[in-house]
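J.: Spelled out from the first residue to the last, the chains are:
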Amino acid sequence: MIRFLVRRLPVIALVLVAASMIAFLLPRLMPGDPAAAVAGPDATPEQITQVRHDLGLDRPVVEQYVVWIKGLFTGDLGQSLQYRRPVAELVGTRLESTVELAIAALIFMVIIGVGIGLIAGSTRAAWLRSAIDSVNTLLLAMPGFLVGLLMVLLFGIYFRVLPTSGEVPLSENPEIGVQYLILPALALALAPASGIARLVQTSMRAVRQQDFVDLAMAKGVPPRRIATRHVLRNSLGPALVAIGIRFGDLLAGAVVIEAIFARNGLGQLAVSSAQTADYPVVQVLIVGAVLIAVAAQLLTEIGLARLDPRVRLE
Amino acid sequence: MTAEAPLLRVAGLRTEFHTAEGVVRAVDDVSFDIAPGEILGIVGESGSGKSVTARSILGMVHEPGRVVAGQISYRGRDLRTLPPKAMRPIRGREIGLVFQDPQSALNPVMTVRDQISEALTVHGMGRAAARERALELLEQVGIPDARRRADDYPHQFSGGMRQRVVIAIALANNPSLLIADEPTTALDVTIQAQILRLLGRLRHELGVAVLMITHDMGVVAETCDRLVVMYGGRVLERGTVEDVFRAPKSPYTHDLLAAMPRLSSDSAGARRLPSIPGAPPDPAHLPPGCPFEPRCRLAVDACAEKMPSLTVFSVDHAAACHVTAGGASIPVLDSPPAPPRRRAEGDRRPILEVTDLRINVANGRRGLWGRQDPVYAVDGVSLQVHPGETLGLVGESGCGKSTLARAIVGINEPASGAITVRTGGAVQYVFQDPSASLNPRRTIRESIDEGLEAIGVPAAERYDESVRLLERVGLNARHLERLPYAFSGGQRQRVGIARALAAKPELLVLDEPVSALDVSIQAQIINLLESLRDELDLGYLFIAHDLSVVRHLSDRIAVMYLGGIVETGEVATVYGDPRHPYTAALLASSPHPDPAAKHRERIVLTGDLPSPKNPPSGCRFRTRCPIGPIVHSDRTICIEQRPALRPAPNGAHVACHFPGELRNGEA
Amino acid sequence: MSTPPTAKRRNQTLLRYARAFRSPRGIIGAGTLLALVVVALAAPLIGPGGYDQQTSQTLVGASGQHLFGTDELGRDILVRTVYGLRTDLSLILTAVPVSLVIGTLMGLSGAVSKALGALTQRLLDIILGFPGLVLGVIIVMIIGQGWWALFFALVFAGLPGFGRMARAGLLSEQDRDYVLAARVLGVSTGRRIRRHILPNIVDPLLVQTAIFMVVAIFIEAGLSIVGLGIEPPAPSLGAMLNVGARYATTHPSYVLGPGMVLLLLALSFTLLSDALNEAAIKR
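Sequences listed follow chains D, E and B, in order. Heads up: the first sequence is residues 1 to 314, going by full-length UniProt numbering. Heads up: the second sequence is residues 1 to 667, going by full-length UniProt numbering. Heads up: the third sequence is residues 1 to 283, going by full-length UniProt numbering.
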């Protein structure tokens, strides 16, 4: 197990280093002079030079990179150009909103995806299978923001049972907070959930052909137990990998969903920063997003190893 | 024998598969009995319906198959009419099932103990008691160190050990009947001997009856009391093993036995193998009469019209044949004489010379702390092949014979040593599995063209050349534009040989070229290979695990064990007077298709082939050697020193510190 | 003898794909896509005044004159939707094939040398670390908003999927007996890939292409919705949803019109991927 994790380390490190370098180089690749942007439109050339010196932009690039990385590790994430406040503070105030949304969506995605996949993969009723197939196809073609917009229309105008705009942090009022969370999380989760249901269904169908399923039947194991103990457990691998890869997309999708449901999360911060070229914020968010995406992939690989001893004991 | 009421009586069984292309009748009018404690063999080639018969008994035929007629009476209850729920207590508790491939028959994510105890808990035993019983069972089927290994996962076990676990599962509830579907086909000879011995022991200890499904007449002769011969979904013959082997009444059984190469054959080289023409029928397109009629040399008009019914010849011996039913006897199957071998005067230097070869099969991936340790699948092998000569290379899976073969044709890189091919001599390769060695999307002509193109035959001449090659291997121009799926296994292997010949090789590396083929086809291909060798003066490196096939075709033989050659010499010498204990054990483990040999003394090796990742010090065979340090603790030399190949008095070369001590079973 | 074998095989391959479109899913998917492409091509006929023709009637609801109503500048939403569809199609139908080709080449690079294969795999791992939208944000910040930014974002986002699939195909195919047989015969690496490996990985790659078309539509729309898409006044389906969302509760047709077209477009590719997948399994 530990060997297995150690083997993955170089790749993870590589991805993170690459992400940090791309994020670091971003303002230098952008058109325009970052120092001029910081100094503001009315600054004199002397002021710009001064700003450049203050920001360390006149030092060698490698040195600047090292300083920036050091900052990331010590919590000094720099200053937002747009808000003139520390990036750490900006991110901190919005983190909870996005984390809550992402986790709620993840829970929906896993429960709905595996649940539907299990039903479709073990039912013998042809009508149920084709009904699930059709719904899956529709949901696969339905991006989160479209689901979100439809929900805003439906619940905002016709059934006003759940709020469609704004948010209440769970830490303040869990009961109300959950109500605000349900619709955006569902909107975010439905499309990936149907993808996962598909994967579970197809791999269950493949696993059912295996000899060991026949052996279980020959042992006299009842069908329901065969489905869960023998088939499902051997079918979850591909779905798990997909969940890991999609988690990054889920996070990115939160950007859009936050816009639609008027939630004040990191997504909104990312959008406004990207539009105003607030690069210190964007840099931190890029590194953060990649960090989380990679962590999710790693977690699923650990999960895979838990699930399959052949991976674990390799 | 049949005074007792039968445990299982199958009568008039018919199983059909309803597919889009029509109805496939896989099993038709099959009847047989099994008495308590008896071992009954069902023998047949692919498509004979033997496995479907086994599955039909348990109600486990795969979709879209259905048992449509007949009776499956187990202790007087007809299993066919039982509802699925009522079948469950029968499966596992009354009848156990052992599968062919132990690699895939166990759930990879459950420990072996859990899988065994599940068989008990679903039939009502408590969890703790089931776990204890699982341990007992593991010990009973001979898993060494069972207590420690019980909580391991299937992939941590070798193939033979996995098959023992599958048997333990089948035995868990003390069933009265064990259905074993080709239980040793996926295993090596020495492991096969272990498993067969285990099944025999269990029958004696537990009184369990065994229905043994197999394609191997040798296995039947060694283990079964009675047998049923199936072909094209029908029973062609049944009777006691002694009766059927002594005087077969079905021409199919007769010819099949005649076409098998024998370990003890002395006619090798002088005569070709007697062979049955054609291929077993496709179950989807069975002939209207007797399924064997198109291939039968005795067939009369009636055979093509009507399936003969079973005629009883003696108390327990019956066969379905229009010809023998009338009292006619079956004449001996011809074995054509081999034309004298053309030993050309030209260049008699070896075509291939391998010197002290080592091959590292570690994947070479760099770990975090430096390179992985080397794994030598081939470690210090030297051999030669001359023109027109066959060198047989035998050994169990994992001994490195395929790695060696692939290195010779350039697929594997040698780590050290030399592979020298005579200048101008090309080496080609014939694969084991003919269905995998042809690209399913390319026509036969395209596959052969690839070989012609490689040696620079101009495009305009390739057509004629391909036809010539196909004719040479017994096919013709009609086959040229077809895709591989339209061919039988034997025909595909012929195409594979033609493709190899296209490149005008002087040496063919034949990697188990007949082991994936049906028994009745093997003789055809062996004969083809023999005549090609003699006519074209080809050298063969013939790799096989089946010692009788090797014996028939080879001039010299080399026995490999864990990366090294342990014995080599003239075929007659090595087979007649094996000096290395491993060679002796291999010969003793090979099943003889002769019931008289059933009670011969046999050396059954214990344990498995060690991993080349971590080979034993000194002699690599010492961990299983019946004359080595596990028996004689004073023989420390075997632990300390790896024996070199040294000449033995009989002319062979043997790598053993105590050569010739163990032969033919007597220690 | 009369037809050269390659032509014959090409016909067989085409026949196989033709069969894929005979299934209900294939027919509906291909039909919908074809209809959408025709409508997009006919945009100048539907809205002869172009997508930016403004009238004084702002934000009217759906009516006989304006099927989807008009937007905040009095432009016909149907006309803009059709032009938006054009933008979307022009993007995905160029960027996805480019990504397919580059990704496949990257995946197959391992056949040339192991080191090159390992290098491209690391490169793909890095790209995979970036969620599609994040890639989009980075590219927009570097080269500025517009069609090309979206194009490159889509090309990059597709590479890991295509590359991994091609590599998986290469790894499983290159050890098959018939590929080894070709190697023993001395057939060159390039020919082996063309003759034996590529034809056997085309099916999964095609399925992946159809699937990624849907993802590409989502990425375009996602970037547009957060205001990083194509520059106004040019329309794209996502950009229209972006503005329409503000009027969602008062003018549902502003969202529903382009939303449904986007759904149809995604649905057509989903159905196509299903049909192709089924055809590939059946073979």
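What the hints contain is simulated information worked out from the structure, not anything from laboratory work. The model shown is predicted, which means the values in this text are computed figures rather than measured ones. Every residue, glycine too, gets a C-beta built ideally from N, C-alpha and C. Mixed in with the good hints there might be a few duds.
The following label-pair restraints were derived from C-beta to C-beta distances [unchecked claim]: (1) Arg84/D / Gly144/B: 39 to 45 Å; (2) Ala42/B / Arg84/D: 39 to 45 Å; (3) Gly303/D / Ser531/E: 33 to 39 Å; (4) Gln65/B / Val161/D: 32 to 38 Å; (5) Trp148/B / Gln50/D: 32 to 38 Å; (6) Thr123/D / Ser531/E: 53 to 59 Å; (7) Ala168/B / Ala597/E: 47 to 53 Å; (8) Gln47/D / Lys114/B: 52 to 58 Å; (9) Leu119/B / Arg84/D: 41 to 47 Å; (10) Pro222/D / Lys114/B: 45 to 51 Å.
J.: Run through the hints listed earlier and report the numbers of any the structure violates, in increasing order.
T.: 1, 2 and 3
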